[in-house]
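Heads up, the sequence shown is in the numbering used here, so the first residue is 1 and it goes up one at a time.
Hints were generated in silico from the structure; no laboratory data involved.
None of these values were measured; they are calculated from a predicted model.
Note that beta-carbon positions come from the ideal geometry of N, C-alpha and C, so glycine has one too.
Just to be clear, a hint being listed does not mean it is correct.
What the hints assert, rightly or not - Label-pair restraints from in silico Cβ distances:
{"no.": "1", "residue 1": "A46", "residue 2": "H376", "range": "29 to 37 angstroms"}
{"no.": "2", "residue 1": "N138", "residue 2": "V81", "range": "37 to 45 angstroms"}
{"no.": "3", "residue 1": "E253", "residue 2": "M1", "range": "46 to 54 angstroms"}
{"no.": "4", "residue 1": "R225", "residue 2": "L45", "range": "32 to 40 angstroms"}
{"no.": "5", "residue 1": "W87", "residue 2": "S155", "range": "46 to 54 angstroms"}
{"no.": "6", "residue 1": "R224", "residue 2": "I86", "range": "32 to 40 angstroms"}
{"no.": "7", "residue 1": "G345", "residue 2": "S155", "range": "26 to 34 angstroms"}
{"no.": "8", "residue 1": "K56", "residue 2": "H151", "range": "55 to 63 angstroms"}
{"no.": "9", "residue 1": "I24", "residue 2": "T132", "range": "24 to 32 angstroms"}
{"no.": "10", "residue 1": "G32", "residue 2": "H376", "range": "30 to 38 angstroms"}
{"no.": "11", "residue 1": "S155", "residue 2": "N355", "range": "30 to 38 angstroms"}
{"no.": "12", "residue 1": "V134", "residue 2": "M1", "range": "38 to 46 angstroms"}
{"no.": "13", "residue 1": "I24", "residue 2": "V360", "range": "23 to 31 angstroms"}
As the list claims (entries may be wrong) - SDA-like, lysine to any residue: derived pairs with alpha carbons at most 25 angstroms apart:
{"no.": "14", "residue 1": "K344", "residue 2": "T385"}
{"no.": "15", "residue 1": "K261", "residue 2": "N194"}
{"no.": "16", "residue 1": "K208", "residue 2": "G183"}
{"no.": "17", "residue 1": "K159", "residue 2": "Q171"}
{"no.": "18", "residue 1": "K381", "residue 2": "C168"}
{"no.": "19", "residue 1": "K344", "residue 2": "Y177"}
{"no.": "20", "residue 1": "K152", "residue 2": "I82"}
{"no.": "21", "residue 1": "K311", "residue 2": "E227"}
{"no.": "22", "residue 1": "K144", "residue 2": "N194"}
{"no.": "23", "residue 1": "K144", "residue 2": "Y177"}
{"no.": "24", "residue 1": "K159", "residue 2": "H229"}
{"no.": "25", "residue 1": "K144", "residue 2": "V238"}
{"no.": "26", "residue 1": "K164", "residue 2": "K208"}
{"no.": "27", "residue 1": "K261", "residue 2": "H333"}
{"no.": "28", "residue 1": "K261", "residue 2": "G230"}
{"no.": "29", "residue 1": "K144", "residue 2": "K311"}
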Amino acid sequence: MISGTFSIIQQSLSLGCFPRVQIIHTSAKYEGQVYIPEINYLLMLACVGVTLGFRKTKQIRNAYGIAVVFVMTLTSAFLLVIMIMIWKTHILLVILYVLVIGSVELVYLSYVLYKFDEGSYLPLAFTVVLVTVVYVWNYVYRMKYIYELDHKISSHQFKEIVAKTNTCRLQGLTIFYSELVQGIPPIFQHYIANVPALHSVLIFVSIKSLPISKVPVDERFLFRRVEPHGLNVFRCIVRYGYKDVCNEHESFERTLVDRLKEYIKEELWIWSSIKSNTKEIVENGGAKDNVGANDESVHNGEGMTMDEEEKKEEVVVDDIEEVDRGLEAGIVHLMGESEVVAGKGSGFAKMVMINYVYTVLRRNLRQTDKAFDIPHKCLLKVGMTYKL
Numbered sequence: 001m002i003s004g005t006f007s008i009i010q011q012s013l014s015l016g017c018f019p020r021v022q023i024i025h026t027s028a029k030y031e032g033q034v035y036i037p038e039i040n041y042l043l044m045l046a047c048v049g050v051t052l053g054f055r056k057t058k059q060i061r062n063a064y065g066i067a068v069v070f071v072m073t074l075t076s077a078f079l080l081v082i083m084i085m086i087w088k089t090h091i092l093l094v095i096l097y098v099l100v101i102g103s104v105e106l107v108y109l110s111y112v113l114y115k116f117d118e119g120s121y122l123p124l125a126f127t128v129v130l131v132t133v134v135y136v137w138n139y140v141y142r143m144k145y146i147y148e149l150d151h152k153i154s155s156h157q158f159k160e161i162v163a164k165t166n167t168c169r170l171q172g173l174t175i176f177y178s179e180l181v182q183g184i185p186p187i188f189q190h191y192i193a194n195v196p197a198l199h200s201v202l203i204f205v206s207i208k209s210l211p212i213s214k215v216p217v218d219e220r221f222l223f224r225r226v227e228p229h230g231l232n233v234f235r236c237i238v239r240y241g242y243k244d245v246c247n248e249h250e251s252f253e254r255t256l257v258d259r260l261k262e263y264i265k266e267e268l269w270i271w272s273s274i275k276s277n278t279k280e281i282v283e284n285g286g287a288k289d290n291v292g293a294n295d296e297s298v299h300n301g302e303g304m305t306m307d308e309e310e311k312k313e314e315v316v317v318d319d320i321e322e323v324d325r326g327l328e329a330g331i332v333h334l335m336g337e338s339e340v341v342a343g344k345g346s347g348f349a350k351m352v353m354i355n356y357v358y359t360v361l362r363r364n365l366r367q368t369d370k371a372f373d374i375p376h377k378c379l380l381k382v383g384m385t386y387k388l
């Protein structure tokens, strides 16, 4: 039961339905074998509290019984859905299954519900608390994401912000963490307004958990350059599955930079492929004479002239060297520390969920910088208030 609790919490966290907690992988061979210290302490306190509160095995037995019967009933209900939608079982067999299995489980369920006031209420109380935590966390998380999506900075606005005369570029590399996978988060403009300085290389990183078990390593990092080219600004989406294990022996920073260099090199091939598909090849008339007359415009067979290819390779080399210089100068991790409050006109329930329940959960549970082991000497948090 304890191992099952750890596994369920891990998968709920990966789906964004549970507050962030520390997950420790206890086995290098079995990736699903995890340990969650916070949940383990809560289970310990719950066991001690139940023992001291009930003090009788009869009430503990009733509490355990209703939990087991509800699990059996839910399992049978899910099996019924599978029989109808996946197995395409004959309707007579489905009815027979409901009459036989459903009748037996209904008898068990009615028996444990009859003893509701003798201890059976405890699992239901735990269920209400857990569902409340999951609902509030997921609700506010989605509201925050929608707010950032509605107030994101467009490409045109980003160019204007960076092009300001009072914004200077410093040698170094900045990793700016954001939940958005498209656009620039509004907290970036808040940062520039107070600290008008940017490092020579800027990477907006979004770490996402996908509802699949594993993401191949070569597909984990997705990069895209933010135009114009000379700004050296990139977007990166880091994707993990709910069964993926983060390699503690491999630095996230080093892996991110290595993948960025590979992306910069791939840009040359992508650019030449697009050019070869869109450029019209003229094979007759005076075009042949012009091609033969100008040795510097000889094509390499992939849609680029030799001088264009050389210039592009020089740009790639310069970009990679700029990344290396930024890495040597030091990496700074920028993280938004957004405070959320209910906006004007919000109802009482929304105000309680955002201003009280969510705030208590966020302040007393694991922070993002601790979850990703970001060194404190390289971390800078930017605060901003979101009115949802």
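A quick look at each hint next to the structure:
Between A46 and H376 the beta carbons are some 33 angstroms apart, a value that agrees with the proposed interval 29 to 37 angstroms. The hint said 37 to 45 angstroms for the Cβ distance between N138 and V81, and at roughly 23 angstroms that hint is violated. Checked against the given bound of 46 to 54 angstroms, the beta carbons of E253 and M1, roughly 39 angstroms apart, lie outside it. Between R225 and L45 the C-beta distance comes to about 50 angstroms, which lies outside the given range of 32 to 40 angstroms.
For the pair W87 and S155, the supplied restraint of 46 to 54 angstroms holds, since their beta-carbon distance comes to about 50 angstroms. Separation of R224 from I86 is about 38 angstroms and conforms to the stated range, judged on CB atoms against 32 to 40 angstroms. G345 and S155 have their C-beta atoms about 33 angstroms apart, which keeps the hinted 26 to 34 angstroms range intact. Between K56 and H151 the CB atoms are about 56 angstroms apart, so this pair conforms to the stated range of 55 to 63 angstroms.
The supplied range of 24 to 32 angstroms is met by I24 and T132, whose beta-carbon atoms lie about 26 angstroms from each other. The hinted range of 30 to 38 angstroms is satisfied by G32 and H376, whose Cβ atoms lie roughly 31 angstroms apart. S155 and N355 have their C-beta atoms about 35 angstroms apart, which keeps the hinted 30 to 38 angstroms range intact. For the pair V134 and M1, the supplied restraint of 38 to 46 angstroms is violated, since their beta-carbon distance comes to about 19 angstroms.
The given range of 23 to 31 angstroms is respected by I24 and V360, whose C-beta atoms sit roughly 25 angstroms from each other. Using a Cα cut-off of 25 angstroms, the hinted pair K344 and T385 holds, with the two alpha carbons roughly 14 angstroms apart. A C-alpha spacing of about 31 angstroms is found between K261 and N194, which places the hinted pair above 25 angstroms, so the restraint is violated. Between K208 and G183 the alpha-carbon distance is near 15 angstroms, which keeps this suggested pair within the 25 angstroms criterion.
Straight-line distance between C-alpha atoms of K159 and Q171 comes to about 19 angstroms, which keeps the hinted pair within the 25 angstroms bound. Restraint check for K381 and C168: satisfied, since their Cα atoms lie roughly 20 angstroms apart, inside the 25 angstroms limit. For the suggested pair K344 and Y177, the alpha carbons sit about 29 angstroms apart, so the restraint of at most 25 angstroms is broken. Taking the CA atoms of K152 and I82, the gap is near 42 angstroms; set against the 25 angstroms cutoff, the hint is violated.
Distance hint between K311 and E227 is fulfilled; the C-alpha atoms sit about 19 angstroms from each other, no more than 25 angstroms. Proposed proximity of K144 and N194 is supported: the alpha carbons are some 22 angstroms apart, at most 25 angstroms. At roughly 15 angstroms between alpha-carbon atoms, K144 and Y177 fall within 25 angstroms of each other, so this suggested pair holds. A distance of roughly 11 angstroms separates the Cα atoms of K159 and H229; the hinted pair therefore holds under the 25 angstroms criterion.
For the hint linking K144 to V238, the alpha-carbon distance of about 20 angstroms falls within 25 angstroms, and the restraint holds. Distance check on the hinted pair: K164 and K208 sit about 32 angstroms apart at the alpha-carbon level, beyond 25 angstroms; violated. Among the hinted pairs, K261 with H333 is consistent with the structure: their alpha-carbon atoms are about 19 angstroms apart, no more than 25 angstroms. Restraint check: the Cα-Cα separation between K261 and G230 comes to about 16 angstroms, which is no more than 25 angstroms; the hinted pair holds.
For the given pair, K144 sits about 44 angstroms from K311 by alpha-carbon distance, which is inconsistent with the 25 angstroms threshold.
Comparing the model with each earlier hint shows violations of hints 2, 3, 4, 12, 15, 19, 20, 26 and 29; every other hint is respected.
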